[in-house]
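Peer 1: Build the complex: two chains, separate frames, hints provided.
In case you want the letters, here they are:
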Amino acid sequence: MFDTLAQSLTLPIKIGAVFAHEGETLLDQIQALDKFLASVEKRAFQMARMAVRDADEAMDIVQDAMIKLARNYANRPNDEWRPLFYRILNNRIRDWQRRRVVRNKIFGWLPGSFADDQEERGDPYEAVPESGHGPSEQLMLSDAMVTLQAALRELPARQQQAFCLRNFEGLDVAQTAMAMSCSEGSVKTHYSRAVHSLRETLGDTW
Amino acid sequence: MNNQSDEQPSQVEQRARQLFDNSVASLDARTLSRLNRARQGALEVARKDRMVMPRWLVPVGSVAALALIVTVSVRMIGTNVVKPEIDSRIEDMEIIASNEELDLLQDVDFYDSLDAVETSDGEAS
Chain A
1 MFDTLAQSLT LPIKIGAVFA HEGETLLDQI QALDKFLASV EKRAFQMARM
51 AVRDADEAMD IVQDAMIKLA RNYANRPNDE WRPLFYRILN NRIRDWQRRR
101 VVRNKIFGWL PGSFADDQEE RGDPYEAVPE SGHGPSEQLM LSDAMVTLQA
151 ALRELPARQQ QAFCLRNFEG LDVAQTAMAM SCSEGSVKTH YSRAVHSLRE
201 TLGDTW
Chain B
1 MNNQSDEQPS QVEQRARQLF DNSVASLDAR TLSRLNRARQ GALEVARKDR
51 MVMPRWLVPV GSVAALALIV TVSVRMIGTN VVKPEIDSRI EDMEIIASNE
101 ELDLLQDVDF YDSLDAVETS DGEAS
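If you read the sequences in order, they're chains A and B. Just so you know, we're using the working numbering here: the first sequence kicks off at 1 and counts up by one. Just so you know, we're using the working numbering here: the second sequence kicks off at 1 and counts up by one.
There could be a bad hint or two in this list.
Chain A stretches covered by chain B per the calculated footprint, using a threshold of three residues with CB under 8 Å from any CB of chain B [as the list claims (entries may be wrong)]:
#, segment
1, 32 to 38
2, 137 to 146
3, 189 to 201
By construction, these hints were calculated from the structure, which means they are not laboratory data. Heads up, the beta-carbon is just placed ideally off N, CA and C, and yes, glycines get one too.
One chain only, chain B, in its complex shape (with noise of 0.2 Å):
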């Protein structure tokens, strides 16, 4: 009865306890068959409780299927983009963007005319 008391029950402790020994093993078996059926269907709210889908999985599954897409997403660019074409355009913006390049193409009647007197200077000669 008590485990941790050093002190052995009295009689009246002892007495009270056979009887309720008595009591509990004599139940009939309509009570018996009772408390089985409460016992089976608080298993069975528990069993429904735990069903149900964890807390903790809506937050985790959100962030994991946004983890996925953004992983299939990055990687589906990553191998669309054509390089070449980038590196061509970059090519083109350095030479709009460089001042001297343009200024020759201003000129460029002046370098036609002057390779047109030395092609005469070389023939005259």
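Only chain A is shown next, with the shape it has when bound in the complex (with noise of 0.2 Å):
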């Protein structure tokens, strides 16, 4: 009876080293995450903000992101975050630029609505964060930015995101491929049509 008991209840106690041991991994699973989140986040930002030229919502934007990415693919290896990360905050700025299309289609014929776009989108440099730099130095930075931005929100969608993904963001070929659901090659085609563009735009001297 003794001995029934006691290979019964051995079952309990190899459950308990499985939650034991899942518990230990979800720490883990947390850290890392907790870590490439903090390493992403600040350029997330900037990139979601050069895109929607909104602070509060670039920050909904990359919130949201972070939110999908813990959610569905925390179990993914870590290796694959950064391209998934990046695809999601693409998917959300690009599903805030349509929405903010619609809206204007429906709202665009009453006066003082949203389709005042240049007043919505109010003083372009409140997008050009303060640095250390001396007031003449920020002010060429500033500057520069601006002229960047205008000229980054002349290209088409696609080689924009090929530009900040492997400009600003550093991604590989691949891993931009990954974020932005093409080939490697369409990728290539993208970023250096949209160098191209921007060298014309900016000049050489920029």
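Peer 2: Written as structure tokens, this is what we have:
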């Protein structure tokens, strides 16, 4: 009888051991995710702010992307997080831009509506953060950043994405392809065209 | 910037990267604080989601519980059975099932009278 009970009790003990292992894994996973998100959050925010030109909207987009990654992809290998995160971020930015277009189409005819895009955007210099540089240098950097943002806005969406991911975020071709859900050849083409257009717009002396 | 490309980045690329890095490094404290809160919120969501019972545990737990119940039941039934009773019942069944034995039981009066005759013959001799 005691043998039976002893044998029966080993099963819950084994299940408990599995739970303890799961707990340790969970803790490691959360710490790794925390480290990863901390490493990308600033650049992701700045990229989103450049795209939507609104700090609050950019913050919401970045937080959504963080939550979605944590909820759906935390179990994936850590080296996949980076392209996955930027894919989510890009999708969120694109969704926001589409909603904005629809909103402008619906309410655009109203006086004082969202159609007044220039008014909605506000001061373009607000998107340029302050830094520890001197006033003249800061002004020069701000001017250059505003010029760059304006040039980037003139690019097609896919070229913008390719340029931001490759140049700003430092993703390689394969990671960029994964983030943009396209082939590596397409990434190279988009990026090359983006650089070419920017060079034409900004000039070599910029 | 490009780990796989052999080409050197152009001046435009370098300048753009430099400006972007500068803008990231210059984010104000309020924005950094909000980003930190956003990250903690995302991690909390991940923690809560993972703390929910794993999907595999329901079928595995059900099977384990069923196996436990069956094992304990079989062992307990096995220890309560009295084997001699089963053996004696089997013997009774064998006797009842045997036609020859029943015939002998039906002719018991004949054997009694035969026995009495043999006894009286013995006394007479």
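Peer 1: Would you mind marking each hint as holding or not holding in the structure?
Peer 2: For each hint, the structure was consulted:
no., hint, result
1, 32 to 38, "holds (count 4)"
2, 137 to 146, "holds (count 3)"
3, 189 to 201, "holds (count 3)"
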